[in-house]
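Could you build the full structure based on these sequences and the hints that come with them?
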Amino acid sequence: GARAEPVAEDLPKSADDEYEALPGPRGAADDLKKLAGVSGAIEKKLNDLGIFHYFQIADLKPGAAHKIGEEVGLPGRVEGWIAQAKSLTAEAE
Numbered sequence: 001g002a003r004a005e006p007v008a009e010d011l012p013k014s015a016d017d018e019y020e021a022l023p024g025p026r027g028a029a030d031d032l033k034k035l036a037g038v039s040g041a042i043e044k045k046l047n048d049l050g051i052f053h054y055f056q057i058a059d060l061k062p063g064a065a066h067k068i069g070e071e072v073g074l075p076g077r078v079e080g081w082i083a084q085a086k087s088l089t090a091e092a093e
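Quick note: the sequence shown uses this note's numbering, first residue 1, plus one each step.
Among the clues, some could well be false.
Unchecked claim - With a Cα cut of at most 25 angstroms, we get these calculated PhoX-like pairs of lysine-lysine: (1) Lys-44 <-> Lys-34; (2) Lys-86 <-> Lys-67; (3) Lys-34 <-> Lys-45; (4) Lys-61 <-> Lys-45; (5) Lys-44 <-> Lys-67; (6) Lys-33 <-> Lys-86; (7) Lys-86 <-> Lys-44; (8) Lys-61 <-> Lys-34.
For the record, the hints were derived by calculation from the structure and aren't laboratory data.
What follows is the structure, encoded as structure tokens:
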């Protein structure tokens with residue numbers, strides 16, 4: 001019979017992997033090079049992924065953080081960036 005709740009396999013790809021990618025910065029882009037290990041080249045890769053602001057990094061879910069880490073070639077760094085981005089966004093507010 002039909003079950004009321006969806007089974008994990010029936011669900012589309014995890015929303016955990018999704019993040020808010022922007023077509024361009026809102027106003028001035030944040031200086032992502034303030035994050036540990038982010039060079040100009042990495043910052044460009046993040047921009048290419050639609051990430052321009054600390055708040056976007058601060059809001060990353062684990063799946064999205066992993067995906068972005070893989071994309072920029074620094075999978076172990078993103079969790080640190082999230083922590084840093086949270087403190088940088090807190091300072092800005």
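Exercise. Against the earlier hints, flag every one the structure doesn't satisfy and list their numbers going up.
Key: none
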